[in-house]
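Kindly generate the complete structure, drawing on both the sequences and the hints.
Protein sequence lines correspond, in order, to chains A and B. Quick note: the first sequence uses my numbering, first residue 293, plus one each step. Quick note: the second sequence uses my numbering, first residue 5, plus one each step.
Simulated from the structure, these hints should not be mistaken for lab results. Model, not experiment: these values are computed from the prediction. Wrong hints could be hidden among the right ones.
Calculated lysine to aspartate or glutamate pairs in the EDC-like style (CA-CA distance at most 20 angstroms, straight line) [unchecked claim]:
#	chain 1	residue 1	chain 2	residue 2
1	A	Lys352	B	Glu98
2	A	Lys352	B	Glu208
3	A	Lys511	A	Asp309
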Amino acid sequence: MAIVEVINVTYKYPFTDSPALQNINLQVDEGEFVAIIGPNGAGKSTLCYTLAGFVPHFFKGELTGTVEVAGNESSQSTLHEWVLNVGLAFQNPFNQISGAKYTVFEELAFGLENIGVPRDEMRARVEGALELTGISDLADRSPYSLSGGQQQRVALASILVMQPKVLVLDEPTSQMDPIGTREVFGVIRKMAGQGMTVILVEHKVEWIAQFADRVIALKDGQILLDGSPPEVLTSPILEGSGFGISRYTSVARRAQELGLWKKDRLPVTLDEAVEGFSLALTLRHSLWSQRGALPSPTGGGEQPS
Amino acid sequence: MNAFSMYVARESGLHRLHPLTKGSLSLLLLVTGLLLPGNWTSYFLVLFVILPVAYWGKILRNFIGIVWGISLPFILSVVIIQSLFWGKGTPIFEFWIIAPKQEGAIFALVSVGRIILVMAGFILFAMTTRPDTLMISLKQVGVPSSLAYIIVTTLQIIPRFQSKAFTILDAQRSRGLETEGNILTRARALVPIILPLVLSSLVEVEERAIAIEARGFNSKKEETSLIEIPDTNGQIILRRVFIVITILTIIARVTWQLLK
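Structure, rendered in structure tokens:
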């Protein structure tokens, strides 16, 4: 069942001539994990703001078309009601910290205080969100004393604690180091695993290929491709137009041109690449053994190069 | 000390006081120090009220350091300008075109006392009051939550601004900006530091606004709070007394001014 329904959305920021989003039609099912990719200026963040109600409630400008979540329309609702439908977290963890709270525990409670949750329920919900994001041990620390990955998990937790129906994440790992990225992705995966509807803008395609159910490629404010991760992420259409393409895909495409890639589909992740190249090696190996000129067994397929 | 707030955690009676009690005390000190007659009232209040209270709060050493650090530039500029550019009066000494006047020096000292009083009153409050408890107690007395938020985040802004300024300073230095040398070189270096500081802060404002809106900041529901702030009847009375004296001082000063 579709929980998010975007119908014919076109949006223009104030004082601009060209629309940031053009005729966007999009349905997301409950529990689906959708990743959005696209070059700079493709409208990814604008789409996030539109889903999360910041367009049209925070950013003015011209919006046509409708955004519906669980049967409610965003333009008919107020922003503070809408944030209970769609939770938004974004890039810079530092700027997502309220600055008015002293510990992580209180930081998480900030949103619940705003929407008037009673104290006992507040404690229970904050503890749940801390647990879920794996930051229970940071509860008494100051949010400003944490590492980027920890801060971003605090930011995620402070949105999750509001219990939105849909989670929209705008490049949550773009300012993270590899450790921070792994920490944040761990949380996102867990959320998706628990049946949360997640819409994630992300450049790290190798992560997307592993976890997303569906990938949408956005360009110039329009949806270019919409399909399964292998289908979209290895599409030749993405080549050379500013999309992040996995290096494994690029290598395999080159190999395919030289006749060295034997599978139908190009790889996105390391494992897929290793599997494909092992196949190619085995094929070549058996060809050689038929000819009787047998080189020494390499076993190179097991070693990622 | 937490790098992003002036608050210094200590176990002291001052720390345990209700934020509004401390707030009304600071207000009282500022108003009486600035409005009561007498050139040296502010020095008196700093010496005999603020410093003992800071000692009670177990933060005396830190406190003096911070107040001194923040007021020093103001003090220097006031003393230099007022003593050198005072129009007529008795010169203390004369050297070429430099002739500091006695009257100017006295005026400067009085101003310095006021500067120190204002800084000290404000910093004492910021150092012993957790920003979040302040926000909650402000809302409890009916201050709108957006105003309470602004007040609280402003209290924290000095250290944050400072650390950002240092980052920008380092970045510009690494691109070859000359920041050491004579006054002229230093003054010229200010522009490429202050401009990015102000602009990046403006950008930050939008993101922060989005972040707190995403957490229901403007919700019309009645707000609740996680922490309870202990209050006592004694403190409630004390606060009222402080406020009454503050108001009386203002009234007295205004009538005195009008009658003169």
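Task: Pair hint A/Lys352 and B/Glu98, alpha-carbon separation not exceeding 20 angstroms - done: It is violated: about 64 angstroms lies between the C-alpha atoms, which goes past 20 angstroms.
Task: Straight-line alpha-carbon gap A/Lys511 to A/Asp309, limit 20 angstroms - done: Within the cut-off at roughly 17 angstroms; holds.
- [ ] Take the C-alpha atoms of A/Lys352 and B/Glu208, compute the straight-line distance between them, and say whether it is at most 20 angstroms.
- [x] holds (19 angstroms)
In this structure, the one hint that does not hold is number 1.
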